[in-house]
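Student: Sequence:
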Amino acid sequence: MAQVLRPVQDHPAGQHPDLIVGFDTADDAGVYALGDGRALVQTVDIFAPIVDAPYDWGRIAAANALSDVYAMGATPMTALQYLAWPRDDLPFDLAGEVMSGGMDVMAQAGCTVLGGHSIDGPEPHYGFAVTGLADATQVKTNSGARAGEALVLTKPLGIGIISTAIKHGRCPEALAATAIETMAALNQAAGAAATAYNASAVTDVTGFGLLGHLRELCRASGVGASVQYSRVPMIEGVAELLAEGMWAGGSQRNFESLESEIDSSLQDDQLRILVDAQTSGGLLVSLPPEEVDGFLSDLAGAAVVGSITAGLEMRVLP
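For the sequence shown, position 208 matches number 248 in this note's numbering, and the numbering has no gaps at all.
No lab work stands behind these hints: they were computed from the structure. All figures in this text were calculated on a predicted structure; none of them were measured in a lab. Incorrect hints may appear among the rest.
[Said to hold, decoys possible] The calculated label-pair distances, taken between Cβ atoms and stated as ranges, are:
1) G77 - G334: 23 to 31 Å
2) G77 - R259: 27 to 35 Å
3) P358 - L154: 44 to 52 Å
Using N, Cα and C, we set each Cβ at its ideal position, and we do this for glycine too.
The task is simple: from the sequences and hints, build the whole structure.
Tutor: Structure below.
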């Protein structure tokens with residue numbers, strides 16, 4: 041869920057006795073109690089093309105939207121798709137490929153697409169509003185992390201750097217393919233594991249990068265965190281692309297926002313990977329120590345990248 045201006049956040053329309061999660065904690069989705077032990081979980085995500093192939097863009101857009109629901113401990117049930125398309129500039133057949141990719145991933149997730157809305161627009165945009173259901177007592181938020189818990193990341197970093205290289209025609213084909221499959225992979229298993237292993241806090245890693253979303257989790261939970269750079273999974277080849285100048289403006293804003301708040305002796309390029317803006321990234325999960333082994337055994341590719349600490353400081357170690 042995107043950050044919002046204070047007048048919107050404080051509006052009466054954003055207040056209700058049955059509202060479990062709203063604007064206040066910058067969580068991934070809104071949560072509303074249905075009164076029967078279940079909770080409605082809702083999110084919306086729309087963005088411009090991030091890869092060249094229309095079908096893959098659709099897949100990634102769907103996986104990205106679904107990720108917010110999984111991060112809240114919910115099961116996606118229905119979705120509405122949104123398409124903006126410059127029909128005078130791009131063949132409408134390409135829009136069909138985009139929607140086909142999105143629909144295929146929604147089918148994979150068992151989420152029913154009810155319909156949607158399309159408009160003529162100067163630039164193509166595509167995405168989904170997704171509704172899920174959760175046990176109201178099992179909703180995962182970013183505000184429950186406790187000192188002494190482990191921080192686990194479920195997908196490797198580097199998507200923003202690779203996406204920038206793709207746009208500039210500088211990304212090796214195999215590396216681009218790896219990034220596409222990473223983005224299109226659902227966080228379904230990660231969300232289920234977070235519930236099964238009693239995660240205290242969960243968020244998905246997207247536009248603010250690993251450290252940006254960790255900062256939100258720490259602020260919401262009233263804790264600090266320590267991240268060990270050498271333990272953070274990264275897509276192989278990302279550091280080389282970054283050294284060639286493949287760096288997005290959004291990631292630079294993340295870097296400038298976080299640089300003064302992070303206690304670290306790392307080189308700037310190492311920190312840049314940790315703030316790299318992700319699309320359809322993994323889940324960042326705060327787990328009780330006794331649950332870590334089970335979580336990792338159930339989820340291939342997940343890694344312990346640090347820990348939750350007392351106080352409010354965020355540290356990054358080599």
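Student: Output the numbers, in ascending order, of every earlier hint that fails for this structure.
Tutor: none
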